[in-house]
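A.B. asks: These protein sequences, in sequence, are chains U and V. Each residue of the first sequence is one higher than the last, beginning at 0 in numbering that gives the first Met the number 0. Each residue of the second sequence is one higher than the last, beginning at 0 in numbering that gives the first Met the number 0.
Since the hints were derived computationally from the structure, they do not count as laboratory data. Since the model is a prediction, treat every value here as computed from it, not as a measurement. One or more of the hints may lead you astray.
Put simply, identical chains are the same to the list, so a pair is met inside one copy or across any two.
The calculated DSS-like cross-link candidates involving lysine-lysine, where the alpha carbons are at most 27 Å apart (straight line), are [unchecked claim]:
#1 LYS346 - LYS217
#2 LYS176 - LYS35
#3 LYS175 - LYS130
#4 LYS175 - LYS346
2 protein chains.
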Amino acid sequence: MSNPKVAIVGAGLCGSLMAIYFAQRGWHVDVFEYRKDVRGVDADAGRSINMALSHRGIEALKQIDMFAAVEPYMIPMKGRAVHMQDGSISFQPYGTQKNHVIYSISRKVLNEILLTAADQYDAIEVHFEKKCLQYDAINQILVFEDQQSSKISQHQYDYVFGTDGAFSKVRKALMKKDRFNYSQDYIPQGYKELCLPCSDDGNFLLEKEALHIWPRKKFMLIALPNMDGSFTCTLFLDYDGQPGFDDLNSEDQVNTFFKREFPDAFALIGNVSEQFFANPTGSLATIRCDPWNIDNHVLLLGDAAHAIVPFFGQGMNASFEDVQLFFQQLDQVGIDQAIVGFSKLRKKDADAIALMALENFVEMRDSVSDPSYLARRKIAQKLEKENPDSFQSRYTMVSFTSIPYAEVYQRGVENQKIIDTYILQNKAL
Amino acid sequence: MSNPKVAIVGAGLCGSLMAIYFAQRGWHVDVFEYRKDVRGVDADAGRSINMALSHRGIEALKQIDMFAAVEPYMIPMKGRAVHMQDGSISFQPYGTQKNHVIYSISRKVLNEILLTAADQYDAIEVHFEKKCLQYDAINQILVFEDQQSSKISQHQYDYVFGTDGAFSKVRKALMKKDRFNYSQDYIPQGYKELCLPCSDDGNFLLEKEALHIWPRKKFMLIALPNMDGSFTCTLFLDYDGQPGFDDLNSEDQVNTFFKREFPDAFALIGNVSEQFFANPTGSLATIRCDPWNIDNHVLLLGDAAHAIVPFFGQGMNASFEDVQLFFQQLDQVGIDQAIVGFSKLRKKDADAIALMALENFVEMRDSVSDPSYLARRKIAQKLEKENPDSFQSRYTMVSFTSIPYAEVYQRGVENQKIIDTYILQNKAL
């Protein structure tokens, strides 16, 4: 097979990154995307518009020399700014070293940079507005509907990569196979995005270099900075709790709730109830499946293989790391073996970050305002500062290293015992 | 709504039972079945052809006066006949009372009895060879393809019940809804059915009134008696273990494996390798989802809602109990509330029996030949015999009572502590 035919379904963050990895190795790839070219359209209102880029994502960008192009659009977030109900704000740094920083970046801008980079390669052809209807795994044929003409087209490929997100169409071909394990688990909370604008003179109205959290135990508001001086706030709240989305049905109810729970954010956002009813409420699920391939000809990566909740800021980072690790395998053992072996290699790490992302929701909405949690966190940071080679906090390992997620999880469990011992020996707490 | 239109999709065991429950309450129901009328066709080779009927299934049959019709076809199994590799056989009674018996019954015969009973009601119309293509939940329209004419037909119903099994088409409508939780988890083992024939003069070649087990730790063979003097044997074995289905590729390999592991069964079956390659290998999954309804107009019951592995012999019994409990609700609160509330009521029990069925595989293939397990089992039976009101084994509660499965699970955990205490106090073991 001198010129194998390769298709990537989905030109989002994961798919467009993958195309560049292929092109840099001299492979020709066709990339199919359901949506219009993101470069020609306004941002979707209410879609997750900024995200946290950290070590793993950065490493994957560096491998293809894309980091320099992305860096100017990254806003460092050095820690959490925790907003209490009484209006006080405390700052909790993320790490112990200068480079222990995560970065806010616009999903749209990052995708645009990757697509523009892809344009530089003759080997990459991106086909927009092609909706994948089906992947026929027996004949290895992809079926698309053109979103302009409604024309159906069929394409045979030797290798198909499904980077088409949590609701992957490519995954449906795997669902039809016997013995395909699959789960989708929604959490009881939904989310709603609201824009907190910049000041009239274009300045940030909250501390710029922080991820802001209003932890309220059962629910929370967060805010990430944007390049234009605004913040994107996201409310995470039960659908049918007290309070809950199902309960907030009038402008009055929404305003009363925000005024009570997030008085500073309420004042700064200005038109809370207007945005609240204009923007959709999104749901949040963990999607797990296994295996991620059929034989040696189709493979899922990124959210299509393992969608996770956003509370560790690792969805995109994990997807980018997938791509980097997949090409490491491809370089070592060839594409067929890389496809066949990838989920065996990576699945346990996807499961680990899925679990840690769920656990981190509790940390963000509740623990960050808990004195005992804060005391333990302080000890962890002290241990890490004094002896960074032998102790790293779970947050540090996830966000600032490439230690496989499954190993991070195990070491995180060990950490708790180490902190227990420290407390006993030092009579701390 | 004086004459609500009711459809049941699937005329297997659960759907045909449900139709009779409706008809006895004066409701008209249309029942749609993909397959031909089971009464006109031979049994599917290699499909699960007999099953264990116990208390919960029997109670559901009694509610509609169907038990008398079924009873003549039931073969009591009073316990496990455990076949060791050295040829020795030990008998382990299932319970402590005379009526602690489970019954082997043919799936086909039971389905035939229920369909014939359904024929007696003008209110029931069964439509065979109608393949459900889709349920359009927004317009409440069922779409079928006639398997003879290939004609497509559409039908509007007020209430749709999906009793169409583990690979339910009705469930696909629920999959399209936001926030539908779903999982399918395959176990690493597959199964293969083989017929152990009767003697030339029509007699049973193994003890008739027992469920036979050949426990071999990682795998096992079981056999259930049939009315014609034969047994249906089922081999449960890893796909890719040592040994495993993937390894047994020649007649020689199969015969060598059976001769070594199940010498008595091998001799009695006669043509093991011939049947082995003629019959399919089946996979085994647990399917969980939540909720089981959309609003008040569609509800899944039985395997469509909660398919489980067969190791507790409770798949059919749980489905039948679903039907009985659903109509208890319907009688009390009306059909709309019964549909809306059913999965809240029943889901935890479905989850509990799913888990117990998985755990029972370990018990059957391994523990039944373990001295420590047998000693604990003996204590449990002694406690149950001496004080049946305060102690019942988990097996007894599952198979011989209507205690909700979730409560059984909890009490089973308590039981282990009670047995621990007994051992300590009596220095038993």
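A.B. asks: Which of the numbered hints above does this structure break?
C.D. replies: Hint check: nothing fails, all pass.
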